[in-house]
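Student: Chains A and B, in that order, are what the protein sequence lines are.
In this text, residue positions in the first sequence follow our numbering: the first is 2, and each later residue adds one.
In this text, residue positions in the second sequence follow our numbering: the first is 6, and each later residue adds one.
Hints listed in this document are in silico derivations from the structure and should not be mistaken for laboratory results.
One or more of the hints may lead you astray.
Said to hold, decoys possible - Stretch-level coverage of chain B by chain A, calculated; a stretch enters the list once three of its residues show a Cβ under 8 Å from a Cβ in chain A:
#, stretch
1, 60 to 70
2, 257 to 271
Claimed, not checked - To give an idea of the chain A side of the interface with chain B (calculated C-beta under 8 Å), a few residues:
#, residue
3, Leu22
4, Arg55
5, Ile62
Said to hold, decoys possible - Straight line, CA to CA, 20 Å or less: simulated EDC-like cross-link-like pairs of lysine to aspartate or glutamate:
#, chain 1, residue 1, chain 2, residue 2
6, B, Lys194, A, Glu42
7, A, Lys4, B, Glu199
8, A, Lys4, B, Glu200
9, B, Lys194, A, Glu53
From the three backbone atoms N, C-alpha and C, an ideal C-beta is built for every residue, glycine too.
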Amino acid sequence: MIKLLGIALVAIGLALRWNTLAVVLAAGVLSGLLAGFDLHEVMTLTGQYFVENRRVLLPVILMLPVVGVLERHGLQERVGHLIRRLEAASAGRILWIYQAVRGACSVVGLNIGNHASAIRPLIVPMAEAAAEKKHGALDERARTDLRAHAAASENVGNFFSDDIAVAVGALLIIEGFFRSAGVEVRLRDIQFWSLPTAGWVLLIGAWRYRALQRRLEAATRVDPPRGEGRTS
Amino acid sequence: MTLLSVDLILGVCGLVVGAVALAIARDRTHPHRRGSAAFWGILAVVTGAGPWIPPAVVGYAVVVLAVLAAARAVEPPAFRGADPAELARRAAELGNRLLRPVLVVPAIAVAGGLILYRIRFGDLAVVTENQAAQVALGLGCLVGLGWALRTTRETPRTAVTEGGRLLQLIGWALVLPQALAALGGILGKAGVGEEIARLVAAALPVQDPFVAVLAYCAGMAVFTILFGNAFAAFPVMTLGIGLPFIVRAHGGDPAVMGALGMLSGYCGTLVTPMAANFNIVPVRLLELRGDFTVIRAQAPFAAAIWLFNVAVMYASVYAPGP
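Taking the hints into account, I'd like the entire structure generated from these sequences.
Tutor: This is the structure we're talking about:
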């Protein structure tokens, strides 16, 4: 039971709104010490895992200068301009289509974007332009709602289709685990049983983005359109 | 030995972050000049040269990063928004040329990931197959950056300023995924997962086939919420509950169980701040107030998808195979 104190520390730290990075690190040190490692060993493990996993930084660090430079020259305005010309565009539809395309590409193992390379520079400006054209300026709450759902469309599109392609992380982890546990499974069966959920998330997406669309309509019916302040 | 490698691209990342640190150190108007410069400077060295530094030194450096973050020394300054009229004018002037650098990145990433590892110069391969996708993404970003600078007639200095602006918006949350990976690794070595699986199995009547499915899917979600990673939850829950109860005791199909179990874990990923790169980094990147805004939007997705997974697993896992 004492082994679980590290996890308890995370729960307490998050509940008390301590700095998450510090809480996570402290929980790792505590768990390591409780498991009988000395401080030097815990620091060695921490450094080792930190370095081994630093490739998650790559797409963010290298993409942000591209996006930042173009934003200073009107990238988001241009994307908005293009979307306003499309009659059928609505925020909900744009997010659903992004989720579907992201998922479809993920099925065949292609990674077409992430929050830094697609959501901030392209999808959010598209959805906001479509929403503002339809309903007038968005207030802070409506804008937050819309942007949070744009982030969701990336995550949901990314997560629930990647077991279907061959040779992608999750699939190999499942198969490899069963092989090492001495249980026989066929890759094809794991892929097949991932299909229903991949279809289901499209329906759920349609439901959630339609709900978003209705909230945007309701919010802007109450507040008359105002001048929009751009945050940087 | 290959021409290109992920370590090389990460070296470039280190240089970019280092340039940002230097720019902050020189900026006398920055409200947290020293703390921020130290944070990004340390991160630059660890990112660029990580494999050549003793791991324990990196470990202590990460502690320094966390202390700086907890001391609020890495808060971003208040960035001045650009003039909307000027932006609209530039957007009209440059038109679709603004989009090309953004679109070229995934194009190169996808094409390069498929092609690069097949190219060889004599005995020298360009890149190994399992590093090709990441290296191609890195190259795509660099091409995109060069293109963006040419289109806008800006200098690399602007790239550092503007990239630095967005990096500072994300702040310390940028390294949270790595800190969580370290926590997950240490918890794994400490045997915490097995302990949890044992507690769950002891507390619930998993002798019942339905309860076994429910406990397994719930365990996957909860464990993923705690650790931020479904891949870490999978072996623990499958060894602790899935294999002994669903497969061995009730004769369930491991392929059905594995597929839907992993997908149940992803539902946990949607609602946990521990999955920082998916749920916290975009909050900062999209300039939302409140760390839980993305998680709140995703909670109905998670609930609906999880229930579906449980239903499909219960309906199919015990059915006689084809």
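Student: Next, verify each hint and record whether it holds.
Tutor: Hint check:
Judged by the Cβ-Cβ criterion of 8 Å, the stretch 60 to 70 of chain B is covered by chain A as claimed, because 10 of its residues qualify and three suffice. Coverage of a stretch by a chain is defined here by at least three residues with a beta carbon nearer than 8 Å to that chain's beta carbons; for the stretch 257 to 271 of chain B and chain A the count is 10, and the condition holds. Using the Cβ-Cβ criterion of 8 Å, the hint placing leucine 22 (chain A) at the interface with chain B is satisfied: the shortest such distance is roughly 5 Å. Annotation: interface hint on arginine 55 (chain A) holds; nearest CB of chain B at approximately 5 Å, less than 8 Å.
Taking 8 Å as the C-beta contact cut-off toward chain B, the hint placing isoleucine 62 (chain A) at the interface holds, the least distance being around 4 Å. For the given pair, lysine 194 (chain B) sits about 12 Å from glutamate 42 (chain A) by alpha-carbon distance, which is consistent with the 20 Å threshold. Pair hint lysine 4 (chain A) plus glutamate 199 (chain B) holds up; C-alpha atoms about 10 Å apart against a cutoff of 20 Å. Proposed proximity of lysine 4 (chain A) and glutamate 200 (chain B) is supported: the alpha carbons are some 8 Å apart, at most 20 Å.
About 16 Å separates the Cα atoms of lysine 194 (chain B) and glutamate 53 (chain A), which keeps this hinted pair within 20 Å; it holds.
Of the numbered hints listed earlier, not one is contradicted by the structure.
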